[in-house]
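As you go down the protein sequences, you meet chains A and B in turn.
Numbering follows my numbering, in which position 351 of the first sequence is assigned residue number 366; successive positions increment by one, without gaps.
Numbering follows my numbering, in which position 133 of the second sequence is assigned residue number 134; successive positions increment by one, without gaps.
No wet-lab data here; the hints were simulated from the structure.
It is possible that some hints are incorrect.
Claimed, not checked - Partial pick of chain B residues on the chain A-facing surface, computed with a CB cut under 10 Å:
1. Met344
2. Ala360
3. Ile364
4. Leu404
5. Ile407
6. Gln416
7. Gly426
8. Ala466
9. Arg475
To be verified - Okay, derived cross-link-like pairs now, DSS-like style, lysine-lysine, Cα gap no bigger than 30 Å in a straight line:
10. B:Lys42 <-> B:Lys191
11. B:Lys351 <-> A:Lys146
12. A:Lys146 <-> A:Lys198
13. A:Lys134 <-> B:Lys351
14. A:Lys206 <-> A:Lys386
15. A:Lys134 <-> B:Lys470
16. B:Lys470 <-> A:Lys146
17. A:Lys206 <-> A:Lys134
18. B:Lys330 <-> B:Lys144
19. A:Lys134 <-> A:Lys201
20. B:Lys144 <-> B:Lys42
C-beta: ideal position from N, C-alpha, C; glycine also.
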Amino acid sequence: MASGIKDKVAILGMGCSRFGERWESGSEQLINEAFIEALADAGIERAQIGAAWFGSALDSVNVGNSAIPLATALRLQGIPVTRVENMCATGTEALRGAAYAVGSGAVDIALAVGVEKLKDTGYGGLPVPGKGTLNDLWMPYCSAPAGFAQLAAGYRAKYKIDRETLKNALAHVSWKSHLNGVKSPKAHLRKAVSMEQILNAPMIAEPLGVFDCCGVSDGSAVAIVTTPEIARALGKRDLVTIKALQLASSSGRESGTGEWDGSNVPNTRMAAAAAYREAGITDPRRQLSQIEVHDCFSITELVTMEDLGLSADGEAYRDVLDGVYDADGAVPCQIDGGLKCFGHPIGATGLRMVYEHYLQLLGRAGERQLKSPTLGLSHNLGGVPYNGVAAISIVGLMA
Amino acid sequence: MSRPQRGIVSYGAYIPKLRISRAAIADAHAWALPGLKSQAKGERALCSWDEDSITLAVAAARDCLRGNGRAVPTSLSLASTTAPFADLQNAVIVASALNLDHSVRCSDGSGSTRAGLSALAQALESSLDSDTLVLAADRRAAKPGSTQELQFGAGAAALQIGNGETIARYLGSESVSHLFVDHFRATGEKHDYYWEERWIRDEGVSKVVPAAIKRLLKRLELPADRVQWFGLAGAPGGSDKLVAKALGIAPERVIPDLQDRVGDCGTAHAPLLLINALENANPGDIILVAAFGQGCEVLAFEMGESRHRPAMGLSGAIAARIPETSYLKMASFEGEIDLDWGMRAEADVKAALTQHYRAADQINAFVGGRCSVCNTVQFPRLPNCVSCGASETQRPFAMADELGQIATYSADWLQFYLSPPLYVGLVQFDVGARLLMEIVEVGASGTTGGIDVGTRLAMQFRIKARDRKRHYSRYFWKAAPIR
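Take these sequences, add in the hints, and give me the full structure.
Structure (structure tokens):
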């Protein structure tokens, strides 16, 4: 059995650009903004980076194919630079590539960069992605919210919950993230909203209204990783190490057979089980200090609480309404605002989540600092609930 | 050697379910054309954005072919003046959707709204031993504010012609040609140009049609009072009764002209009148149908003993309706107004024709796969089974006639869609397959359209995407609630 990544890789430095409608900045500027912060935090020179992974999801906007745009933006001459893309799990994929490179001993210091420039499309929401030539002939062109909104139909049907109760729980999810976003200086949306505003917002994809959908933002996040030994040798004391990095992909069973009931995301469950095993977590609700989950839409966050084993199946809507995942709840969720309010520049998101854990673990989270956190979990979902990829990374203080 | 007796061995019909009240159309134009109000009675059939002559024909053909106990037709003809392609055989698209064998002989007929009856006569006069499927379908376009906009409808008729026991035996036909230009539409143009109705009726229809019918009845040695069912298409309203009177056919024997609930269906209209008679006539009844247009086509039948009737038929198709009152929606569906759909509508939907051909049976005929190891039915058909993972074990499995239900769904207001919201969801087929599909014909009932998890669904062949850059429509199957 594989020994896993736990405590083999330490975060040497991190950076994150301000997320939002960054009309004044292109991808290159966003990358540089996060990189300069990370490099200073790591306390190394650019020339010490041995390899880089570049996460960018949409090549119709942003910088196009390949990792060359990253090498060019940061002038990384002659080292291996690789582009990774796995839809909304792209940022976590960049971290995974860099962490595995360090963990394997291939390089001493590796760079993970995620960026997305979504506000160059000319319209709100995500660009329409390609589906490949075969799927394009039969698969409906549906928006991302309509893909995830189907969880609500499945969840309601399975647990026999009326529309209004679920809608209220979904509204609480967004209400909480908006409150958190106020205390998050780099977040895209930093304004509290009322439950009434959320409940009465225009419909995007039934039952999701505007406030059930995350921000479409520009932004970049960066991690520089190395081994704990090298980190210590470079003078780091409090080490944040990677405890788990796991990914699970659909093989088409959820969307192609009758096995899936539409009330959860099986990939998350598989990735979570593997990640908990890798990190040695047995009671996530007690052991996890904070979570950053893929709240692309409010319903996604709600079912993710069950998929991560934090709420019992069919009970997440009660826990949400009871405030279990609020900033002062048992398991603070999206303490930085989450995708909902910090924003969701796709390629950067997975790294942005780890950035928040990193700040919290090192006591650098300012106004929103949690009390003595030890372990943080990040969760990304790429694609749609019935056909996608779930990525989980867990980071914590090294004993 | 005498020829075997040919006749109609099966039939089917389809009328698009959307029906707009003519009052809604007239009201929209009342500011400029108050006179339309006097003609605004009843309702007319309206195609959704994803229906055209091909999809209408497929729906009628499926009604005709389903469970009729006949051998599969070896030839197929499609009559239409509104077929989407000028050079790409429309009948072949229909045949592929019906999953007919590649040996089927296909042909398109056009040029006049009488082409439906012309194709029927040709099939009935044929010396073939095997069956022919004659289809006629039109989605008629009319200029906003024209009387045609009120009168025109859309629909399709399917008639299977063969030997042996028939629903109606073919007696004979008469065809005459006159260059009487009551209306015309130049190639590439969208709308018809019509001359005065009174002239068409008095100088054209009233002189040409009775004369042709008289010749046919004389040849068949049938007195006019033997005709129990008489229908006339392609002529101004009321012409049928005038012609009947001139011939001595009692007015109650005139087949209802479908104007009150459907509208004029072009090439399909005369075949639909024939189907109306087939649904109501008794064995031994004589049926006479005529179509006017640069002369006329007249066909005579005698009702036979076959008791086969389709599941839907014309009466079922007329009854299955979704009321519509928005004229602007109709104008948009008809392409008469081009709404600003936003930048999302700019996404290129160019199809890879090479890929389309590789997956032709999957996309056109909705043939998925069944794993020969674990029997799981699945779509699309990929190299490895979705359930057991076995490699290269997929055997073709036709899914077009399989039923299913909604497993998950949403109503998508964000995605560019010509009839928002786009209803989309995972469809769970009773045979075990599951796939993400568009759900159409949902109707209007709050934000959810009255559908929910568990709503029963049947499959329909529809336009999947219209490539507006290259003017190419491509088709796939969509799910519709079973009403």
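Each hint, compared with the structure:
1. Given the 10 Å rule on beta carbons, the hint for methionine 344 of chain B holds: about 4 Å separates it from the nearest Cβ of chain A.
2. A hinted interface residue such as alanine 360 of chain B counts as satisfied when its beta carbon comes closer than 10 Å to some beta carbon of chain A; here the least separation is about 6 Å, so the hint holds.
3. Here the hint on isoleucine 364 of chain B is kept, as its CB sits about 5 Å from the closest CB of chain A, short of 10 Å.
4. Against a cut-off of 10 Å between C-beta atoms, the interface hint on leucine 404 of chain B is violated, since the closest Cβ of chain A lies about 14 Å away.
5. Annotation: interface hint on isoleucine 407 of chain B holds; nearest CB of chain A at approximately 8 Å, less than 10 Å.
6. Because the smallest distance between the Cβ of glutamine 416 of chain B and any Cβ of chain A comes to about 4 Å, under 10 Å, the interface hint for this residue holds.
7. At its closest, the beta carbon of glycine 426 of chain B sits 6 Å from a beta carbon of chain A; the interface hint therefore holds under the 10 Å criterion.
8. Taking 10 Å as the C-beta cut-off, the interface hint given for alanine 466 of chain B holds, the closest approach to chain A being about 8 Å.
9. Because the smallest distance between the Cβ of arginine 475 of chain B and any Cβ of chain A comes to about 7 Å, under 10 Å, the interface hint for this residue holds.
10. A hinted pair counts as satisfied when its Cα atoms are at most 30 Å apart, and lysine 42 of chain B with lysine 191 of chain B qualifies at roughly 25 Å.
11. Proposed proximity of lysine 351 of chain B and lysine 146 of chain A is supported: the alpha carbons are some 12 Å apart, at most 30 Å.
12. With a CA separation close to 38 Å, the supplied pair lysine 146 of chain A and lysine 198 of chain A exceeds the 30 Å bound.
13. Between lysine 134 of chain A and lysine 351 of chain B the alpha-carbon distance is near 25 Å, which keeps this suggested pair within the 30 Å criterion.
14. Only pairs whose Cα atoms come within 30 Å are accepted, and lysine 206 of chain A paired with lysine 386 of chain A is accepted, the gap being roughly 24 Å.
15. At most 30 Å may separate the alpha-carbon atoms for a hinted pair to count; lysine 134 of chain A and lysine 470 of chain B meet this at roughly 26 Å.
16. A distance of roughly 19 Å separates the Cα atoms of lysine 470 of chain B and lysine 146 of chain A; the hinted pair therefore holds under the 30 Å criterion.
17. Annotation: proposed proximity of lysine 206 of chain A to lysine 134 of chain A holds, straight-line Cα distance about 20 Å (limit 30 Å).
18. Between the alpha carbons of lysine 330 of chain B and lysine 144 of chain B the distance comes to roughly 15 Å, so the proposed pair stays at or under 30 Å and holds.
19. A hinted pair counts as satisfied when its Cα atoms are at most 30 Å apart, and lysine 134 of chain A with lysine 201 of chain A qualifies at roughly 17 Å.
20. With a C-alpha separation of about 19 Å, the suggested pairing of lysine 144 of chain B with lysine 42 of chain B holds against the 30 Å cut-off.
Figure legend: structure checked against the earlier numbered hints; hints not met, in rising order: 4, 12.
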